[in-house]
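**Q** Let the sequences and hints guide you as you build the complete structure.
There are 8 protein chains.
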Amino acid sequence: MDNEALRKLLTSVQNGELKVEEALEDLKELPFKDLGFALIDNHREVRTGVPEVIYCAGKTVEQVRQIIEYMLTRDNNILGTRASAEMYEAVKAICPEAEYNPIGRTITVRRRPVELTDSYIAIVSAGTSDLPVVEEAVETALILGNRVEKITDVGVAGIHRLFDKLGVIREAKVVVVVAGMEGALASVLGGLTDKPVIAVPTSIGYGANFGGLSALLSMLNSCASGVSVVNIDNGYGGAYCASMINKLASS
Amino acid sequence: MDNEALRKLLTSVQNGELKVEEALEDLKELPFKDLGFALIDNHREVRTGVPEVIYCAGKTVEQVRQIIEYMLTRDNNILGTRASAEMYEAVKAICPEAEYNPIGRTITVRRRPVELTDSYIAIVSAGTSDLPVVEEAVETALILGNRVEKITDVGVAGIHRLFDKLGVIREAKVVVVVAGMEGALASVLGGLTDKPVIAVPTSIGYGANFGGLSALLSMLNSCASGVSVVNIDNGYGGAYCASMINKLASS
Amino acid sequence: MDNEALRKLLTSVQNGELKVEEALEDLKELPFKDLGFALIDNHREVRTGVPEVIYCAGKTVEQVRQIIEYMLTRDNNILGTRASAEMYEAVKAICPEAEYNPIGRTITVRRRPVELTDSYIAIVSAGTSDLPVVEEAVETALILGNRVEKITDVGVAGIHRLFDKLGVIREAKVVVVVAGMEGALASVLGGLTDKPVIAVPTSIGYGANFGGLSALLSMLNSCASGVSVVNIDNGYGGAYCASMINKLASS
Amino acid sequence: MDNEALRKLLTSVQNGELKVEEALEDLKELPFKDLGFALIDNHREVRTGVPEVIYCAGKTVEQVRQIIEYMLTRDNNILGTRASAEMYEAVKAICPEAEYNPIGRTITVRRRPVELTDSYIAIVSAGTSDLPVVEEAVETALILGNRVEKITDVGVAGIHRLFDKLGVIREAKVVVVVAGMEGALASVLGGLTDKPVIAVPTSIGYGANFGGLSALLSMLNSCASGVSVVNIDNGYGGAYCASMINKLASS
Amino acid sequence: MDNEALRKLLTSVQNGELKVEEALEDLKELPFKDLGFALIDNHREVRTGVPEVIYCAGKTVEQVRQIIEYMLTRDNNILGTRASAEMYEAVKAICPEAEYNPIGRTITVRRRPVELTDSYIAIVSAGTSDLPVVEEAVETALILGNRVEKITDVGVAGIHRLFDKLGVIREAKVVVVVAGMEGALASVLGGLTDKPVIAVPTSIGYGANFGGLSALLSMLNSCASGVSVVNIDNGYGGAYCASMINKLASS
Amino acid sequence: MDNEALRKLLTSVQNGELKVEEALEDLKELPFKDLGFALIDNHREVRTGVPEVIYCAGKTVEQVRQIIEYMLTRDNNILGTRASAEMYEAVKAICPEAEYNPIGRTITVRRRPVELTDSYIAIVSAGTSDLPVVEEAVETALILGNRVEKITDVGVAGIHRLFDKLGVIREAKVVVVVAGMEGALASVLGGLTDKPVIAVPTSIGYGANFGGLSALLSMLNSCASGVSVVNIDNGYGGAYCASMINKLASS
Amino acid sequence: MDNEALRKLLTSVQNGELKVEEALEDLKELPFKDLGFALIDNHREVRTGVPEVIYCAGKTVEQVRQIIEYMLTRDNNILGTRASAEMYEAVKAICPEAEYNPIGRTITVRRRPVELTDSYIAIVSAGTSDLPVVEEAVETALILGNRVEKITDVGVAGIHRLFDKLGVIREAKVVVVVAGMEGALASVLGGLTDKPVIAVPTSIGYGANFGGLSALLSMLNSCASGVSVVNIDNGYGGAYCASMINKLASS
Amino acid sequence: MDNEALRKLLTSVQNGELKVEEALEDLKELPFKDLGFALIDNHREVRTGVPEVIYCAGKTVEQVRQIIEYMLTRDNNILGTRASAEMYEAVKAICPEAEYNPIGRTITVRRRPVELTDSYIAIVSAGTSDLPVVEEAVETALILGNRVEKITDVGVAGIHRLFDKLGVIREAKVVVVVAGMEGALASVLGGLTDKPVIAVPTSIGYGANFGGLSALLSMLNSCASGVSVVNIDNGYGGAYCASMINKLASS
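Sequence lines, in order, name chains A, B, C, D, E, F, G and H. Every position in the first sequence, counted from 1, becomes a number in my numbering once 22 is added. Every position in the second sequence, counted from 1, becomes a number in my numbering once 22 is added. Every position in the third sequence, counted from 1, becomes a number in my numbering once 22 is added. Every position in the fourth sequence, counted from 1, becomes a number in my numbering once 22 is added. Every position in the fifth sequence, counted from 1, becomes a number in my numbering once 22 is added. Every position in the sixth sequence, counted from 1, becomes a number in my numbering once 22 is added. Every position in the seventh sequence, counted from 1, becomes a number in my numbering once 22 is added. Every position in the eighth sequence, counted from 1, becomes a number in my numbering once 22 is added.
Source of the hints: derived by calculation from the structure; they are not laboratory data. Just so you know, not all the hints are guaranteed correct.
Pairwise CB distance ranges, derived in the manner of DEER restraints [unchecked claim]:
#1 E:R133 / G:E171: 55 to 61 Å
#2 C:V136 / A:Q88: 55 to 61 Å
#3 E:V83 / A:T82: 20 to 26 Å
#4 A:I125 / E:P124: 31 to 37 Å
Predicted model, so just to flag it, every value in this text is computed and none were measured. Cβ atoms here follow ideal geometry from the backbone N, Cα and C, with glycine treated the same way.
**A** Here it is, written out as C-alpha cells:
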C-alpha cells in the first residue's frame, strides 16, 4: 500500500500532474506517515470517544487548567488522573460539564458520547482501602468505552465472600485485580478464571509492605498462569491494558 | 444452570428416581463442581490440544520422567519448561516423539493435533542473549495453539532495525517483548502499537542489572500505556498471557 | 456430620417433608456452610466478647464513625486500631462508653463483658519509644480476653533490668516481644524462656534502621528457637497470634 | 522458692551442717541456677525424648561426626539439619540406628522413645518443590514429640485441592504453612482456620522471587490475622514454634 | 617547570637575592602550589565568567544570603541551585541584578560577561514533569558559557516526536538526556547519535519508580554505548559534565 | 574477689555475726552485683561528670521535661540529643542553667564540673551541611570530658583544604569523620593517620544517596585499615566511641 | 540537504532520467537514510579502524567463533570482550593474528591500521584487583584509536602514590577511574583535575560491597563535579565514553 | 619542625654548603615528606614487628607467591589473609617458616620478633560457624603485637554461657565481637562492658540473612553505646581497629 502511494506520487511527477515542489511537500511528511507513527496520534483525534489523558500529579493547578483548556479546543473527551479537588474547581470554571471522582481523584469531560462494549471488565479489589486505585481504574475503563463490573472487599482473608462473586467475575472478558498488603488475591483469582488477569499492586499496608513492594513481588511471582502486572497504584494503567484486551475480545 | 441441576437432582429424590445415598454421592462433589473449580482442570483434559505443563527446574531427571510418564497415560499434549538435555534423554526413552528445544530448554510432546489461530502473537526481543527466554515463549505459544511471529535482535540501540519489522509487529493481536539490560524496548514498542504488550524482563546483563531488576523496574515504569509485565525470565508466563488474549481476539 | 446434614435434608425431600424449592434454598448456601467458611464469621457474631476490628488508618473520621455506628447495631465489642483522637471524638459522640488509649491509638467499646483467661500473655518491650506498639498489643490482648503482664524498658543494653523481670515473663504462656533498633531482645528472651515468642519489630530508630528493617531481619534470623515474627509495628497482629496460643493453652 | 533454697543453705552454714567451702561451691553456680538459665539446658538432658540439635551446614563431615559422637555419650535423641548424605554415612558408621531423610536432609537418632501428642500439627505446602522444607519440618516435629499431618501440593492456583483437605487442617492445633513464590497460601489458610498459623517462606521460585523475599514479604503482610513468620526455608524453626504451641495446647 | 621555579628560588637564595625567611614564606605554600591543587581554585577566580556555585538545599535563607554576599565581594558570577523563592528575595535585596528561574530553582548573578561557545549542548527531556531538572541543567550550562538547545517532551512513548528533533540533537557536541520513569530515552538517543550522552535520571514517576531508582538502573544498563550517568535529579551535575566536554570539543 | 566476699559473708553467718535473714537480703542482690551488671549503672551516678543521656526524638515536650526533671534530682550532668527548641524552652523553665545548641539540637546541663582530657578528639567533616551531626558529636564529646578539635569543610573534592589541617588531625588520639554523599573522606583520612577513625555517615545528599546508604556502604568498604562505622547521622554514637578510646589513651 | 537529494530525485523522474520503479527503490530506503539511522552503521564499516564489537559472555565458544568468522569477511577490526581463553583458541584457529589479553579477557583483531590520537586518555585504578576492568578499558581505548596512559594502584588509602602520578593524569583530555570497594578515588580525582572523569565502579570487595553497589553509589554521589558513571565492571563502556570525548577534543 | 628543616636547607644553600642541584633533589621529595604521607610507609619498614599485609582473595597462587617473595626481601613480618591451602604450599616452598591457619585462612611469616602488649583484646564470637572470621581476627591481632583472649560460642540464645566469661571480657581494653545471624551479641556485650566494642558481622546464616545484612544492620542499630562496626566477615579489619585502640591504651 505504502509502495502504491509512492508509485502514484512518482507517476504524477513523471506525468507532470504534480510539481516537484508539491511532491516534495508530500514527501517531507513521509518518514512518519510511512512508519505509521503519526497514525496513532491522528486517529486519537478522529476516533469518537477516545479521550486525551493528563497525569495531574506534580503539576500546578494553573498548569492543569491550561492543558485542559487547550484540550477542550479539540473537542475530545478528557481524563485527568491524580487530580486534586482544587484542580477540579479550576477546570469546572472553564468547563461546567467536567465531573470529579473524589475517591479516584479523576476529572472526566465527556464532549462526545462514549459507547460501551457489551462484554465487560471485572475490577476486583481486596479491601476498602484499595478504593482510590479501584475508582481510578473504573473511571479509566468507562471513558475508554468499556462496561465495568466492580467487585470490592473480597480479600482472601474471607475467601467465601470471593466465591459469592465468582460468577460475575468469570463472565468478564478480562479481570483487573487491585490488591495491597500481600496481594494474594491475584494468584487466587488467576487460578479461578481462564481469562487474562491484570494485577495492580497497591501501596496499602504498613511496615514490611515497603510502599507496595510486597504486593508487587507477590503478583510477579504468582503461581497461577495468566497474571501480568502493572506499576504500584497504577489503576489507570491496569484499566488501559484491560480495555485493549476487552476491545480485542469484543471486536 | 447450577440451580437447574440441583432442582433436577432433588426432584429425582422426591420422585424416588434417585436414592438418598446416590444423591449424597453426587452432592459430595458439589462444592467444587458448583463453584466451577474443577471445570478448568477437567476441561484441560477434554479440550483437544491443551497441554499439561511441568516446570522441570529443581526436579531430578527421574522425577521429571515419572511425571511425564503419568501424563502420557492421559494422552494429552505436554510442555516441560526449564528442562535439561539429560531430562530430555530420559523422556525420549519412554516417548520417542518428544521434542527438545535446546535453547529454550523445553520438552514438547504432541499427542493430539494443535490447530493454530489465524491471528498471531508477535514475540519480539532485544538481543541474541535473550534467546532462551524467547524460545521458551515461542514453544509455549505454539503448543497452546497460537500462530507466532518471532522478531529478534531489534534492541533500541539500533532502532532502525526495529522499524524494519514494525509492519509485522503491528499486525499481531498481542505483542510479547523480551528484553534484558534496561528493557527500553517495551516502552518503545508500547508507543508504536495499539495492541496489548506483555513485557518479559530478562536477567541478561551485568553489574547494576541485579539479576533482571533493572529491566523489571523499567518495564513496570513504562511511560507507554498498555504494557503489563510478568516475572523475570518468565517466557512461559508471558506467552501464556498472550495466548489468552490472542484466543479472545480470534474467537 | 456434613454428610449427616445432607442425608437428613435429602430424606426430608424424599419424605415430602421438605419441598424441592425449600431444599434448594438451603443447598444454595451449602458450598460455604459445608466448607465451614462462614463459621468463622458467624461465630464471631455469636460468641460473647469477641470484638469486631477496624483498622482506622487511611480512613476519614466520617468513615470510621459510620463503620462503628453500624457495628454498634450488632451489639458486639469493638476494637479500632491506628485511630486518631479526632476519630475518637466522633465515635464518643455516638457511643459514650467508648474508650481511647492515646498512646496505643486504640478505640475500644465493651458492650459485652470480656472474661479474662487465668493464664497470661507477657508483653515485653525494649525502650519507651516502643510504647505505642506495646499499648496497641495490650489493648488487643485484653479485648480478646487475655490477662496481660506488661514489662517495659528492658532492652538488652541494660540486661540486668531484664533479669529482674524474668520470673514474671517465664510464667506466661506466650511472650510478645516488642523491639526496634536492632531487636536483639527477641533473641535474648527466646533463649531464656521455653514458651513461644511472638516478635514485633518496630520502626523505632533512625539511619540504617530503614523503617524497621533492621529489627525485622534481626528477629527473622534469631539464633534462638521458638521465635516467630509479625509485621513491623504490628502490635495488633502480635497480640492476636499470642491470644490464639494463650487460648489454646488455657482451654 | 529460690529464697527458700538460699535460707536453707545459710541455715545449714549457721548450724555448722555445711562447711563454708561447701556452701561456696553451691553458691558459685547460684547466679545461673537462681536466674534459671541453666534450667533449660539441664532439663533438655533429663526430659525424655527432647533431642539435641545440630545445624550441619557449613560444618565439615568430620566436625559433624565428632559433635554427634559426643552427643551420643549423653544418650539423648539427636536431630541433625541441613546434613549431606556424606555426613550421614559418617554418622551411621558410629551409630547404626541413625536415620536419614534425603529430601529433608535430616539425620535423626532415637535413643529414647518419643511419645507423640494426641493433638497434631498440620504441615501444609503449596508445591512439590517446597518438599525439602516440608520434610525438615516434619522430621523436627516428630522428634520433638508431635503427631503430624502432612498436606502437600495445595497451592492457591488450584484452590479446590486445598478445600478438599480443609477438614484435616482445621482439626489441627496449629498449622505450619510452607510456600514459595508469592506465598499466598499463608493468607488464604489464615482466613480459613482459627488456629495459629506459622508461615515458612521458601526460596522456591525465580526472577523477582529474590531468594524467598517475595514469599517472606507476602507472609509478613498477610491480611489474615493469626499468621506469624519464621526465616526463609527454615522448616526446623517453623516446626519448633508449632511444637511449642501444640505442647501447650495438649498439656 | 616546577623544578625550574624551585631552581630559580634556590639560586636566588644562593645569590643572596632572596633572604632565607622570604624563601621560607614562598616554600610554605609549596606543597599545594607544587601539586597544583590551588590552581583550580585560583584560576576559578581569575578566569572570566566561571561562576561560584552554592547548593542552597538544607541551608537557611539567612545562610544563603550571607554566602552570596561574601561571594559578591569577589566580583564573580554566581550560580545558586535548589534555591527557594524566599532565598531569591533575600539575595535580590542585596544584589538587584540577581535572576531567578522558578522552575529550575536557580539563582544566577552575572557580574562578568559570559561568552558562549559556538558549539552547543543539547538538553533533551522525556516529559514535562522533568522540567525542573532540565531548567537546572540549562541554567548551569549557560552560566558555564555554553550555547544550549533545549528539546522537551520527546519521550519514547511517542517516538516520532523525537525523530522530528533528531537533526538538532545530532549537531550538538554532547547530549544531556533528562528522563524519569523507565528512562528509556537515554538508550534510544545513545543509539541515534555518535556524541557522548550524559544521562540524568529523575525521580519523576510513582510506585516501583522508587525515587528514581528505575530510571537510574535503566540508564546504567543502557544497551547503547557512549552513555554515562550522574545522580538522580542532578541537572547541575549533568550540565557540568557536558560543559567540560563541550569546552574540550570547541577549544 | 567475688569468692572472697562470699566466703566472708558465709563465715559471718557461720560465726553468728550475720543473721540468716540479713545474709539473705545481701544475697538477693547477688546475681547482678556478682556479675557486675549494676556496676555500670551505679558508677555512672557516682563518677563525677558522667552525664545521663536522653534521646528526645519521638518523645513529647512534656515527656522530655519530666524525664529531665527527674534526672535533675540526682544532680548529674545531662545530655539531651535530637531536642527541639520547644523542648529546650520547657527544660530551661525548670533548669535555668540548661544550654541549647540549635544546630546540633542538644540540650546540656552541667551540674558537676567536667574536667577535659589533655589529649583530644578530632571531629572532621566534609561539608557545611554535615554540621548538625558534627555539633551533636562535639557536644557529646565535651560533656563526656574530652578536649575536641573541630575541623569542618574539608571534603575530598578540594583535598588541599584537608592537607592544611592534617597536622592538627594527626595529633589527635582518635578521629571522628562525619561525611555524607559518597563519604570518601573516611577512607582518605584513614590512609593519612595512624589513629583509629570512627566514621559517621550522614544522610546529606540526594537521589541515589538513599538516606545515607551511599556514605554508609562507602565507609564500611573503606580501603583504609582502622576505620569503623556507626549508624547514619549518629553523631552521639560516634563521639561516644571516640570518647571511650580517648579516655583509654589518656589514662 | 535531504531536501536537495529528494528534489534532485524528483526532478530526475520529471525529466524521465529516472524510471518510477528505480525511484521507488531509492525511496524505499528513504525513511532510514533520511533520518540518518543507517549512517552510524554504514560509516562503521567504511571508516578505517573502527572495530566491530562482540560481547562474548553468555555465548558458546562456537557462537563466538562463527560471529567473528562472519565479521572477518568484512575486513574490519574486531574487539571481543569477556572472552574466555577457550574462545580465543577457537578464534585464533581461523584468524592467526588475533590477540588475547588474558587479564582483560579481550580478543582483538587488527585488520586495518589504527592511528592513535595525540591526546590521551588516562586510565587510573585503585587496586591491583581492579586490573581485569582496567585491561578491558585499555584494550577498548586502544582499538578505538586513542593513546592511553595507564596508572594503577593509586587508591586513596595511600594518597601520596596518587600525587606522584598527578602530572600525567592532569595532562590527559579525559580520565577513566576504575575502583571498587568504596570507590573514593573518583571523587578525589574529580577534585584534582578539570577534565571529565568517567567512573567505572568494580565489584571488587566483599561483604557490604554487595557486588559493586557500594562503589556505584559512591561514584554517583561524588561531591566533585564533572564525574559521570557507567555500569559496574564495565571497562568497555567507560573507555567508549572516554574515546568519544577524546576524539572530540582532538578533532 | 618542618620549617626548621627547610630553614636549615635554605641556609646551607645560602652558605654554599649545599649546591642548588643537591637542594633540588631534597626538595623534590618535599611535598610528601612535608605532609608526612610517606612517614607511615617508611616507618612500617623500620618499626620492628609491623607486618606487611596481602589480601590474597582474587589473586592467583603465582601472584601471591611473587608478592610475598618480594616482601621477604625487606625482611618484614607478613600477614596474608583469605589465603588458600594451595597458596600456602607455594609460599612455604620459598619460606619454610611460613605458618598457615586453615580455619582463618591466614599465612603468617615472622621474620622479626613480635612483642605482645600486656593488655589484651577480647575476641568474642556467637557460634562455631563464625570461627573463620574469629581466626582471621586472632591471627591479625597477634601479628600486630597484641595479647588476645578468644571466647567462642557464647551466643545470646544461651546467655548464661556468656556470663561465665564476662570477667575475662571485661578485663580487656577493647572487645571484638564476631557474630552472624541477628548479631545480637554486639548489643548485649555493649551493655555489659565499658570498653570500646568493635563489631564484625558475619555472613553466617541463611534466608533473610541476605549475606550478612541482618547482622550488619543489627550492629549499626545497636541500642548500646560504644559499638562501632566494620565490614561483613572482615575479621582482619576488626582486629586492626582493636589493635590501634589497645596500643593507645597500653602506651
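**Q** If you check each hint against the structure, which ones fail?
**A** 1
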